[in-house]
Amino acid sequence: MKFESQLLKGIAPTVVLEILSRGPMYGYELCKAIEQRSNEILSLGKGTLYPLLYNLEAKKLVGAQWEVAESGRKRRYYAITSKGKTQLDGQKSQLKELVKGLDFVFGGALSSTR
Amino acid sequence: MVEKPTFDPLPVGASKFIEGLVKKVRYRKKVRQDVHAELQAHFEDALSDCASSQEREQLAATLIAEFGDPRFLARLIRRGKKRCRPVWVKGMIRLAQVAALCVLYLVLCVSRLFIGAPTIKVDTIAWLNESVRQGRDESLNARHDLIEACSLLSKGPSILTKGPRLIQDMNDVQRQAVEAYLTENQPALDHFRQAATKPHYWPYYAPVEPMPELTGIGTVTVPGMMDSMAMIAHLMNQCMESIRTVRQLAFAMEYQIQWETEQGQIDQALADCVALIQCGRFMAGTGFLIEEMVGVAIAALGHRSTLRVLDVADVNETLLASTYRKFDAILRSDKPFMPADFEKALINDLVQRCFTDDGRGNGRVLASGMILAASSTTSLLKDLLLFDFPDRQEITQKINTFYERVEAQSGLSPWQLHERPADSEDTHDFWYMDTVGPALARVAELGWRLKTDTEATLAIIGIQHYHATQGTLPSTLEELLQAGLVGSIPRDYYSDGPLAYQRTDEGFLLYSRGEDMKDDGGRPAVTAEGKKHKHGAHGDWVYWPVTP
Numbered sequence: 001m002k003f004e005s006q007l008l009k010g011i012a013p014t015v016v017l018e019i020l021s022r023g024p025m026y027g028y029e030l031c032k033a034i035e036q037r038s039n040e041i042l043s044l045g046k047g048t049l050y051p052l053l054y055n056l057e058a059k060k061l062v063g064a065q066w067e068v069a070e071s072g073r074k075r076r077y078y079a080i081t082s083k084g085k086t087q088l089d090g091q092k093s094q095l096k097e098l099v100k101g102l103d104f105v106f107g108g109a110l111s112s113t114r
Numbered sequence: 001m002v003e004k005p006t007f008d009p010l011p012v013g014a015s016k017f018i019e020g021l022v023k024k025v026r027y028r029k030k031v032r033q034d035v036h037a038e039l040q041a042h043f044e045d046a047l048s049d050c051a052s053s054q055e056r057e058q059l060a061a062t063l064i065a066e067f068g069d070p071r072f073l074a075r076l077i078r079r080g081k082k083r084c085r086p087v088w089v090k091g092m093i094r095l096a097q098v099a100a101l102c103v104l105y106l107v108l109c110v111s112r113l114f115i116g117a118p119t120i121k122v123d124t125i126a127w128l129n130e131s132v133r134q135g136r137d138e139s140l141n142a143r144h145d146l147i148e149a150c151s152l153l154s155k156g157p158s159i160l161t162k163g164p165r166l167i168q169d170m171n172d173v174q175r176q177a178v179e180a181y182l183t184e185n186q187p188a189l190d191h192f193r194q195a196a197t198k199p200h201y202w203p204y205y206a207p208v209e210p211m212p213e214l215t216g217i218g219t220v221t222v223p224g225m226m227d228s229m230a231m232i233a234h235l236m237n238q239c240m241e242s243i244r245t246v247r248q249l250a251f252a253m254e255y256q257i258q259w260e261t262e263q264g265q266i267d268q269a270l271a272d273c274v275a276l277i278q279c280g281r282f283m284a285g286t287g288f289l290i291e292e293m294v295g296v297a298i299a300a301l302g303h304r305s306t307l308r309v310l311d312v313a314d315v316n317e318t319l320l321a322s323t324y325r326k327f328d329a330i331l332r333s334d335k336p337f338m339p340a341d342f343e344k345a346l347i348n349d350l351v352q353r354c355f356t357d358d359g360r361g362n363g364r365v366l367a368s369g370m371i372l373a374a375s376s377t378t379s380l381l382k383d384l385l386l387f388d389f390p391d392r393q394e395i396t397q398k399i400n401t402f403y404e405r406v407e408a409q410s411g412l413s414p415w416q417l418h419e420r421p422a423d424s425e426d427t428h429d430f431w432y433m434d435t436v437g438p439a440l441a442r443v444a445e446l447g448w449r450l451k452t453d454t455e456a457t458l459a460i461i462g463i464q465h466y467h468a469t470q471g472t473l474p475s476t477l478e479e480l481l482q483a484g485l486v487g488s489i490p491r492d493y494y495s496d497g498p499l500a501y502q503r504t505d506e507g508f509l510l511y512s513r514g515e516d517m518k519d520d521g522g523r524p525a526v527t528a529e530g531k532k533h534k535h536g537a538h539g540d541w542v543y544w545p546v547t548p
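Residue numbers (our numbering), protein chains in the order written: chain D, 1 to 114; chain P, 1 to 548.
Pulled out of the complex, with its shape left as it was, chain D reads as follows:
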């Protein structure tokens, strides 16, 4: 499903942090993980992914380091930092409240579709 870019823009950092909270990943792997974990519903544009990762790195929410995988490929692995975890917790709480609020607005239509 194609989402409005503005709609996705706000939650993209949270999604990335959530995925990284389960373990370090490199760019392509992260991309695939988002698609898999969201049941192919969410797909982060490649043009958005890397600038987003660099911004998260600048804010020290994620850290990055080069590693050589077993296949011999050199990859840049991103891992969530403690600051990133704190931020993620806060955003998750906010998202829950947001969904709850939206559910009320839509008369329970959101929860009934789950």
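Bear in mind the hints are in silico, worked out from the structure with no lab data behind them.
Note that beta-carbon positions come from the ideal geometry of N, C-alpha and C, so glycine has one too.
Misleading hints may appear alongside valid ones.
[Claimed, not checked] With a straight-line cut-off of 27 Å between C-alpha atoms, the simulated DSSO-like cross-links for lysine-lysine are:
id : chain 1 : residue 1 : chain 2 : residue 2
1  : D       : K74       : P       : K29
2  : D       : K9        : P       : K24
3  : P       : K90       : D       : K83
4  : D       : K60       : P       : K82
5  : P       : K90       : D       : K59
6  : D       : K85       : P       : K82
[As the list claims (entries may be wrong)] Far from chain D, some chain P residues (derived; all Cβ distances over 12 Å):
id : residue
7  : R79
8  : L106
9  : I290
10 : R308
11 : N400
12 : S413
13 : G471
Chain D is fixed; fit chain P onto it per the hints.
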């Protein structure tokens, strides 16, 4: 040894896309290499499962499309990477940016000082020469005889510099040396006397050689403050050279007067005193401040010599009368002191070399004129930063105002200056006044001192004349006027009245109140350090009785 893994090369389109994108990132090489490696890994991972090269190319094209506009993406990556910089790097960059802005601003401020060139319209040396000559014939100029006298003068024996100043204090050997020196230099002294008979004196300054800046008068040249300074140095060198020899000549004449007095040749001694004073007066009225100061010193030497002659010799009334007339003629022909035209010409020369000329009398200051235009060193920086240097008209106006004030003050005696109400215009904001002002004030001070010396000499001649004719001393100086022995009552320029005179048991006392302008009853003056000095700052300037 671990073997380096090999991977299928990326399709050409993907490689080109990555390279193009990374190039557009336009950031540090290290960062670009990182981004390149990361994107390459992304493409390799994505294409690793493709079975055929055709499939690889199709998937690569899809990925490229998903990445979107490379220019936009490059901008986002650059922005993200820039945000990754450590705080200290960001701080340094900001600092560098601020510094660069400051430098740019300074360059803007300073650049205008280097744009444009001055226009040399006035050949200052030629102007100086013409202003003193005033079209007169060179045969009327005493300068030529003085030059001749200087060229004929031989170096005096060391006794003259190391021995006593007065012949009466010398031993026989010293006296013989002085006699031989004077005999040898009679031709030089004759030319000195000849110079004193000339009606005028004006100096001549040789032009600076070579002077390319003057060959194109009216055209744009590139001189500056240094050229003006070089010209001033050139002029001062000429002055100093002639001044040195003229001083030696004056000292030789002083010995000659003493010698003549000892030999009883009083009429010749007094005539030589007049010559000494006249030549001093010549120099004191024309030229640069340094020449004026030397002229004043020579004339003062003449007055001291005159008083010594009058002190030791019994001068008859005819000689006294003729000597008085000669002195009076010199006094009456006196030009005002401090003819600061030369100094004004020099500063105007500096202005013409340090400012541009818009043809309407105005112009902008150039780099070489910054110091000239700034009112002080602190204002120099302020002027520079605020783009606010005074223009040519403002500086010229300041110079004119300063010299108008100098001219107005030069006519006021020390007493009048002392008595006048405080002038609010005495405050100023032009460094030049701080530099030249004290020098002008010093010359004025010496000038008024010489005038007082002259009044005193005239008074003493009158008193001796009175004594020679009446057999007694006058009770007041007014009696000299009543007897027709003086043209006017001798003035004391350091008070609002005549010189102080009183009869004493030994003869008479004549003095000026001197620099402190207080009547100390004839207590001889001392310097600030307490040393005896005829023109000391404290006490009275006693002219009679004569003290060594």
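Hints versus structure:
1. D/K74 - P/K29: The hint holds at about 18 Å.
2. D/K9 - P/K24: The hint holds at about 24 Å.
3. P/K90 - D/K83: Given pair P/K90, D/K83 holds - Cα atoms ~21 Å apart, limit 27 Å.
4. D/K60 - P/K82: 13 Å, holds
5. P/K90 - D/K59: 14 Å, holds
6. D/K85 - P/K82: Holds: D/K85 and P/K82 sit about 23 Å apart, inside 27 Å.
7. R79: 7 Å, violated
8. L106: The claim holds: P/L106 sits with its nearest Cβ about 34 Å from chain D, beyond 12 Å.
9. I290: 73 Å, holds
10. R308: 97 Å, holds
11. N400: 65 Å, holds
12. S413: Given a closest Cβ separation of 82 Å, the condition holds.
13. G471: Given a closest Cβ separation of 115 Å, the condition holds.
Consistency note: the structure conflicts with earlier hint 7 alone.
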